[in-house]
Amino acid sequence: MMILLSQVKGLRVVTAEEAVELGTVDSLTLDPATGGISRLRLAHGGRVSGVAWPDVRAVGPDAVIVSSADTLSPAPAQDSGRPEVVGARVLTELGDEQGTVKDIGFDPVTGLVQTVYTTLGSVAGEQLRGLGDYALVVRAG
Amino acid sequence: MDTLTLASELTGRPVVTLGGDLVAEVKDTVFDGLAGRITGFTLNGRGLLAGPLKESLPWSAVHALGRNAVMIPGREALAEPAAVLPPGKDTGGAVVGIRVLTDAGREAGTVRDVVVEPDGKVAGFQIVAADALDHRRRTVFIPRDEALAASGQALVVSDDASRFVAQDLPSFTAQVENFRARRAGHPVGKEHP
Chain A
1 MMILLSQVKG LRVVTAEEAV ELGTVDSLTL DPATGGISRL RLAHGGRVSG VAWPDVRAVG
61 PDAVIVSSAD TLSPAPAQDS GRPEVVGARV LTELGDEQGT VKDIGFDPVT GLVQTVYTTL
121 GSVAGEQLRG LGDYALVVRA G
Chain B
1 MDTLTLASEL TGRPVVTLGG DLVAEVKDTV FDGLAGRITG FTLNGRGLLA GPLKESLPWS
61 AVHALGRNAV MIPGREALAE PAAVLPPGKD TGGAVVGIRV LTDAGREAGT VRDVVVEPDG
121 KVAGFQIVAA DALDHRRRTV FIPRDEALAA SGQALVVSDD ASRFVAQDLP SFTAQVENFR
181 ARRAGHPVGK EHP
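Here the protein sequences line up with chains A and B, keeping their order. Going by full-length UniProt numbering, the first residue of the first sequence is number 1, and it counts up by one from there. Going by full-length UniProt numbering, the first residue of the second sequence is number 1, and it counts up by one from there.
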């Protein structure tokens, strides 16, 4: 099972405990060390906040359900310098550019990235090596 | 052989960690005494840190020299400037501008640029040809002789090497392969007239 970031973007984020709408999905933050999503970034009236992936209960076709309103936290400082994943430059660990990120396909249950779609093709999630202020680095080949 | 690059084209190339962070850009490429390989890079900062950096990047800490970036494991790869200085005192630094002579005593030209391989080896030199080598005095590429001698004043290449001169970088790749095959005693493919 795989879902695309482009399908999730804009979905309402609703709490399971209070049935309160916290905002809409704006983007996500990747943890290349685990190859998975670390946070969902939410947009809410111009403010940016986030929910850690373990607090996400379900990613459905019409909404994202998170545990409670308490899970909402301001975007951490280390996120501020992070580039938007979509549009990020893709660089192999050998220093060759491979286009830019178009979309991210991930498992909505585990949050593991399965495929990174780039302007030049696709890269398997296991090949992720690092995401920094300059590029998404992937293993070659 | 992999893609060859002119050392001058490395200037400005971003230095990026495997974590995807930009830490610097290449200022100059430093070669060892015999100009046989890259010993490292001096660096410029980027953005707010633009301008020469105190730190340098020794070749031993380079993960990969790519077409679009120099990859390093992390910021800890940067070292003090002495780490990239060549061992000899009068041999390092400026290769560009020195005279190139063949071992038969012919003047081949002056060095304009250094051609490097992705593994840091010097494949050859881009030189402004002297009359004896090319009477039209074009810019040509000449392979580095394995038995090259170099000083601060001149570079001596095998007289053979001038027969493998190429006009551009893609054809130079083939010429270097021919040159090496010949030196290794293998049958030679097509030689440059």
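A portion of the hints provided could be inaccurate.
[Claimed, not checked] Derived coverage of chain B by chain A (criterion: at least 3 residues anywhere in the stretch with Cβ under 8 Å from a Cβ of chain A; other residues may be distant):
#	stretch
1	10-17
2	96-108
3	164-176
[To be verified] Across the chosen pairs, the derived CB separations fall in these ranges:
#	chain 1	residue 1	chain 2	residue 2	range
4	A	Thr100	B	Gly105	51 to 59 Å
5	B	Ala154	A	Glu126	30 to 38 Å
6	B	Pro73	A	Gly60	39 to 47 Å
7	B	Ser60	A	Ala19	15 to 23 Å
8	A	Ala43	B	Gly36	54 to 62 Å
[Stated by the list, open to error] Using 25 Å as the maximum straight-line C-alpha spacing, the simulated DMTMM-like pairs for lysine to aspartate or glutamate come out as follows:
#	chain 1	residue 1	chain 2	residue 2
9	B	Lys27	B	Asp119
10	B	Lys27	B	Asp103
11	A	Lys9	A	Glu84
12	B	Lys27	B	Glu107
13	A	Lys9	A	Asp96
14	A	Lys102	A	Asp70
15	B	Lys27	A	Asp96
16	B	Lys54	B	Glu76
17	A	Lys102	A	Glu84
18	B	Lys54	A	Asp133
19	B	Lys121	A	Asp133
20	A	Lys102	B	Glu9
21	A	Lys9	A	Asp26
22	B	Lys121	B	Glu80
23	B	Lys27	A	Glu97
24	A	Lys102	A	Glu18
25	B	Lys54	B	Glu107
26	B	Lys121	B	Glu76
27	B	Lys54	B	Asp103
28	B	Lys121	A	Glu126
29	B	Lys27	A	Asp70
Calculated from the structure, these hints are not laboratory results. C-beta atoms are modelled at their ideal positions from N, C-alpha and C, and glycine is treated no differently.
_List of violated hint numbers, smallest to largest_ = Of the numbered hints given earlier, those the structure breaks are 2, 3, 5, 7, 10, 12, 13, 14, 19, 20, 24, 25, 27, 28 and 29, listed in rising order.
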